[in-house]
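Given the sequences, and given the hints that come with them, work out the whole structure.
2 protein chains.
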Amino acid sequence: MNPEGWQILESCTLFKNPHLEVLKETVVLPGETRRREWTVVRRKKAVVIAPMTEAGRFVLIHQCRIPVRKCLWEFPAGQVDQSFEPDHALLRETAVRELEEETGYKLADAGTLIYLGHYYSSQGFSDETPYLFLAKPVVPTGGGHRPETNESILESKTFSTAELSAMIADSVIQDANTLACFARLTAKSLLL
Amino acid sequence: MNPEGWQILESCTLFKNPHLEVLKETVVLPGETRRREWTVVRRKKAVVIAPMTEAGRFVLIHQCRIPVRKCLWEFPAGQVDQSFEPDHALLRETAVRELEEETGYKLADAGTLIYLGHYYSSQGFSDETPYLFLAKPVVPTGGGHRPETNESILESKTFSTAELSAMIADSVIQDANTLACFARLTAKSLLL
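Chains as they are written, first to last, in my numbering: chain G, 275 to 466; chain H, 275 to 466.
Quick caveat, the hints were computed from the structure, so don't treat them as lab data. Relax, there's no trap hidden among the hints.
Facing chain G, a subset of chain H residues (Cβ under 8 Å, in silico): (1) ASN291; (2) LEU303; (3) TRP312; (4) THR313; (5) ARG339; (6) ILE340; (7) PRO341; (8) LEU346; (9) SER395; (10) GLN448; (11) ARG458.
Taking lysine-lysine and the DSBU-like style, the derived pairs with C-alpha atoms no more than 30 Å apart in a straight line are: (12) LYS462/H <-> LYS431/G; (13) LYS298/H <-> LYS318/G; (14) LYS462/G <-> LYS318/G; (15) LYS318/H <-> LYS298/G; (16) LYS318/H <-> LYS431/H; (17) LYS462/H <-> LYS410/G; (18) LYS462/G <-> LYS380/G; (19) LYS462/G <-> LYS462/H; (20) LYS298/H <-> LYS298/G; (21) LYS410/H <-> LYS462/G; (22) LYS318/G <-> LYS318/H; (23) LYS344/G <-> LYS410/G; (24) LYS344/G <-> LYS318/H; (25) LYS290/G <-> LYS290/H; (26) LYS298/H <-> LYS344/G; (27) LYS431/G <-> LYS318/G; (28) LYS318/H <-> LYS380/H; (29) LYS431/G <-> LYS462/G; (30) LYS344/G <-> LYS462/H; (31) LYS431/H <-> LYS462/H; (32) LYS344/G <-> LYS290/H; (33) LYS462/G <-> LYS431/H.
Remember, predicted model here, so these are calculated numbers, not experimental data. Note that beta-carbon positions come from the ideal geometry of N, C-alpha and C, so glycine has one too.
Take a look at the structure:
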């Protein structure tokens with residue numbers, strides 16, 4: 275990846291496993307001549323889904339997160355496994371699948387998946403990029419949630435916008451995915 | 275770190291440099307007996323500051339971010355270098371210093387630093403934890419911004435809440451720090 279004005283002089287792998295790659299990069303920024311060395315963690319792209327029912331309630335999942343030693347209430351999310359540069363169709367397909375697997379809800383037949391833009395989870399050290407979607411309305415599949423076995427989702431539950439907002443104010447919601455969705459939904463006036 | 279109910283059976287370093295540590299962890303989750311292996315990236319704690327002027331305008335910085343090959347408008351932020359388990363006094367001290375270094379604004383003598391809670395930037399793979407603050411009111415130092423030489427801050431500028439909200443709606447704001455602050459400020463009814 276080498277957009278206009280950016281000179282990527284070197285990009286060398288320091289560590290790699292199936293979950294991430296650590297690189298040492300030597301870069302000249304646009305408009306500069308100085309060489310900068312930086313440690314970058316490369317990650318798969320991701321999708322996050324804010325699932326809204328017909329009644330305007332949001333579906334959240336309660337998931338154990340090993341890196342932070344906590345079980346958190348969050349919007350469903352997942353990585354795009356097939357490509358490091360997924361096109362929009364693949365992002366939407368992944369969003370629809372993750373929604374159904376993780377929550378036990380699915381996009382209604384007449385429902386829409388509204389793109390809310392991407393964000394960077396930690397732009398100072400990683401290229402990780404979640405793509406945000408509002409799915410509305412969602413309806414129960416009847417089959418409950420069927421997460422992959424390596425996931426640890428305890429339950430899914432619906433919350434009103436007022437409840438979600440109170441959980442954000444009180445720091446019950448602690449993950450960037452859910453906070454970023456809420457910020458975009460608020461700024462786009464998409465909350466009921 | 276081993277909170278109640280979590281069994282951390284093994285935590286072994288796969289890679290380490292001054293910016294991050296990659297660990298392989300073997301964990302038993304609360305209420306389970308199954309052993310899970312997980313890759314975790316350990317990072318320093320961080321602070322993010324939403325600086326608000328007396329007139330209710332927000333100060334943002336325009337910063338080049340090597341991992342994503344972009345210059346982004348964001349709230350000032352910085353890592354806590356002195357400790358992996360900083361107390362609240364050290365977080366506040368770091369927030370006050372980063373605000374002044376990165377923006378050229380400082381907390382007014384009669385100003386307050388309001389804690390907005392923490393969040394996790396990417397709880398699926400990292401323990402990175404930014405702590406969020408609202409600084410109000412802030413006033414120009416007169417000396418401009420004085421970022422550290424390894425940073426690449428192009429300028430700082432003030433925006434109204436309406437302008438910030440439009441930048442979020444239009445995905446001009448792309449970083450988790452600023453989106454998370456905006457979500458907490460909205461949910462706590464702290465926006466003017």
